[in-house]
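Visitor: Read off the chains here:
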Amino acid sequence: MSTLTTEPSVAPPEPTRTALRHRMAERGVDRTLLLLLPGVVAVIALFVYPFVYGLQLSFQPQGVNAHGGVFASYSAFFHDKFARGSIGTTFYLAIPASLINVGFAVPISYRMRSDFRGKRLLLTILVVPITLGTVLTAEGIIEYFGPVGWFNSTIQWLHLSNHPLTLTNNYWGVLFSLIISGFPFAFLLTHSYLSGIHPSLEKAAATLGAGWWQRFRHVTFPLLLPGLLTTFCLTFVLAFTVFPSAMMVGDPDGKTHVISIEAYEQALQKFNYSQGCAIAMVMTALMFAVIGVAMALRSRLYTGSTGGKG
Amino acid sequence: MSTAIVDPTAAPAPSTGPQRALPHRRSVALRPGTWLVWAVVAFFLINLFGVIATVVLDSFGRTWFAGWLPKGYTGSNYSDAWSEFSLGQVMTVTFELSFLVVVVSLLLGVPAAYALARRDFPGKKAVMLLFVLPILVPPIAYGIPLATVLYKFHLAGSLTGVLLANLVPSIPFVVYTMTPFIEQVDPRLEAAARMCGAPTRAVLGRIIAPLLLPGMLAAAILVLVRTFGMFELTFLTAGPTSQTLVVSLFSAVFSAGIRSAQSIDAMAVVYTGSMLVLLVLALRFVNPTQLVARTRD
Chain A
2 MSTLTTEPSV
12 APPEPTRTAL
22 RHRMAERGVD
32 RTLLLLLPGV
42 VAVIALFVYP
52 FVYGLQLSFQ
62 PQGVNAHGGV
72 FASYSAFFHD
82 KFARGSIGTT
92 FYLAIPASLI
102 NVGFAVPISY
112 RMRSDFRGKR
122 LLLTILVVPI
132 TLGTVLTAEG
142 IIEYFGPVGW
152 FNSTIQWLHL
162 SNHPLTLTNN
172 YWGVLFSLII
182 SGFPFAFLLT
192 HSYLSGIHPS
202 LEKAAATLGA
212 GWWQRFRHVT
222 FPLLLPGLLT
232 TFCLTFVLAF
242 TVFPSAMMVG
252 DPDGKTHVIS
262 IEAYEQALQK
272 FNYSQGCAIA
282 MVMTALMFAV
292 IGVAMALRSR
302 LYTGSTGGKG
Chain B
8 MSTAIVDPTA
18 APAPSTGPQR
28 ALPHRRSVAL
38 RPGTWLVWAV
48 VAFFLINLFG
58 VIATVVLDSF
68 GRTWFAGWLP
78 KGYTGSNYSD
88 AWSEFSLGQV
98 MTVTFELSFL
108 VVVVSLLLGV
118 PAAYALARRD
128 FPGKKAVMLL
138 FVLPILVPPI
148 AYGIPLATVL
158 YKFHLAGSLT
168 GVLLANLVPS
178 IPFVVYTMTP
188 FIEQVDPRLE
198 AAARMCGAPT
208 RAVLGRIIAP
218 LLLPGMLAAA
228 ILVLVRTFGM
238 FELTFLTAGP
248 TSQTLVVSLF
258 SAVFSAGIRS
268 AQSIDAMAVV
278 YTGSMLVLLV
288 LALRFVNPTQ
298 LVARTRD
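If you're matching them up, the sequences are chains A and B in order.
With positions in the first sequence counted from 1, the corresponding number in my numbering is that position plus 1.
With positions in the second sequence counted from 1, the corresponding number in my numbering is that position plus 7.
Same shape as in the complex, but just chain A (with noise of 0.2 Å):
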């Protein structure tokens, strides 16, 4: 406090002798910022104008909604009850199939976080399925997981059933390929989360003589769980929006009606834009409500130092 007093004796500031130009730059505000430009520019045009577009005209009703108000196509969506149960088909898909991916994400990293053979190799194994894409996996699903597939041959070679089980066209097609597409994702991701929480934080527990479970209960469980929530968020954002192998793998007209197609079927089949503007922006409130959800909850944990990389 005395210092500061001290201070404008000596050196008096002249606030209007200083250049616009000079008082900016001490804000951080120089011509480096130009840089920025051409990008900002380029999302705003081609992300930010058109949502708001498709906002916009989700608010003027178009083809059999055109003369019902403002809302029309809102109300049409939500008035259809074939339409409206795809909000509750995807969240049927989505929240088992994230909930699935994390929950073997954890104990498997968990045993995987000390070095072994061939760790290089297990992990860019995982990362195959993502790259795949889902196209790939879908027409692969179609073919293993069909009724003369091998995973059916094994299953009666084994005597395990009867008569070939029904896991393509319907609800469990869809839920593999999230599985195969989602998992390997939630899982590295789980595994760099878990490398950043530092070893002697549990040799620090074990020494105090604590059994694993404790271990992994009472330290790196608590550490690890704003990592999870975020996981779990990304891994239900692709799950939600699960689009092509509910196409091809599911059954589109039916169980696996997600919303995505809802939109789809709407926007560029039956060419009613705004309707499809509508779906999607119901899709990204409901997607961000969730999301909003987990991040409040990841808020009330604590985020701070793991350690740092072990």
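Check before you lean on any hint, since a few could be wrong.
Here are the simulated EDC-like pairs of lysine to aspartate or glutamate, each with C-alpha atoms no more than 20 Å apart in a straight line [to be verified]: (1) K132(B) x D81(A); (2) K82(A) x E266(A); (3) K132(B) x D31(A); (4) K132(B) x E190(B); (5) K271(A) x D254(A); (6) K159(B) x E266(A); (7) K256(A) x E266(A); (8) K204(A) x E27(A); (9) K204(A) x D116(A); (10) K131(B) x D252(A); (11) K120(A) x E266(A); (12) K256(A) x D116(A); (13) K131(B) x E190(B); (14) K271(A) x D116(A); (15) K131(B) x E27(A).
Residues of chain B clear of chain A, computed beta-carbon distances all greater than 12 Å [what the hints assert, rightly or not]: (16) S90; (17) F188; (18) L196; (19) T248.
In case anyone wonders, no lab produced these hints; they're calculated from the structure.
All C-beta atoms in this analysis are idealised placements derived from N, C-alpha and C, irrespective of residue type, glycine included.
Here the structure of chain A is known, so what remains is to put chain B in place on it, guided by the hints.
Guide: Frame of chain A; chain B shown alone:
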């Protein structure tokens, strides 16, 4: 391996079976969980292998309606697929598009990443949010309004439209991949260059760019892999002449019936093969976790 942390001096739990020596008993006690974990991993990998192997085998098979293996093998499915789906044209479009997306998104993204990494200015949070949204919002949700806008400007269906749509997730992706690379470059190098009288252009072109080359290479490969596999945006905006491989694969599967499953599988294998080449290339330069960790905090 099975015991992550074994503390040999830890006191034994007195109530559990005391048949064996202390350290050995602990490792046995931990085994079932370890075996279970490895069994789950193995089950997952076996099924994953099955999913990929059936497609590959079927693409070489003559007929395969039932049984463990196809009856007879042939390479003709590939030539069929090549002519039936005009794969030559599709591949040209795919590589043209991926190349253009990489170049444009690097040109727009790297300068933005530089400004974000070096400067702290009012409204920086808003710009960061602007760049994180296209990564966070799923492609299908913004793809539909974007396709509507592109139809309005008569750009949908052309290669330009597909390029514009694919830039949306790529530019922010480049920004977020490049920012840590730029933060690693010591700002004093730039200051020294400026002391010697270099203008901004020379600092960027002759000091920063060479140092950032590894980062740009990593970002370029990641964008290439993502564009190559990007289905939703390309599907929503592409016309008949601007389809990429993954979109024409989807159309072939979804409107199957007239075509043989084998030639579709041949196309799928071509897609997987090119993807694997890109993947091997990518893994030489980047860490596997970088492929998924899109927004690290």
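Visitor: The structure should be examined with respect to each hint, and the outcome stated for every one.
Guide: Okay, the hints, checked on the actual structure:
1. K132(B) x D81(A): Cα-Cα ~41 Å, so violated.
2. K82(A) x E266(A): At roughly 16 Å apart (the allowed maximum being 20 Å), E266(A) and K82(A) satisfy the hint.
3. K132(B) x D31(A): holds (17 Å)
4. K132(B) x E190(B): holds (17 Å)
5. K271(A) x D254(A): Answer holds: K271(A) to D254(A) is near 15 Å, not above 20 Å.
6. K159(B) x E266(A): holds (18 Å)
7. K256(A) x E266(A): holds (16 Å)
8. K204(A) x E27(A): Not satisfied, since the Cα-Cα distance of roughly 47 Å exceeds 20 Å.
9. K204(A) x D116(A): Holds, at roughly 17 Å.
10. K131(B) x D252(A): violated (45 Å)
11. K120(A) x E266(A): violated (44 Å)
12. K256(A) x D116(A): violated (43 Å)
13. K131(B) x E190(B): This hinted pair holds, its Cα atoms lying about 16 Å apart.
14. K271(A) x D116(A): violated (54 Å)
15. K131(B) x E27(A): Distance of about 15 Å is within 20 Å: holds.
16. S90: For S90(B), whose nearest Cβ neighbour in chain A is about 20 Å away, the distance exceeds 12 Å, so it holds.
17. F188: Since the minimum Cβ distance to chain A is about 15 Å, F188(B) lies beyond 12 Å and the statement holds.
18. L196: holds (15 Å)
19. T248: Non-interface label on T248(B) holds, nearest chain A Cβ at 17 Å vs cutoff 12 Å.
Violated hints for the displayed structure, listed by number in ascending order: 1, 8, 10, 11, 12 and 14.
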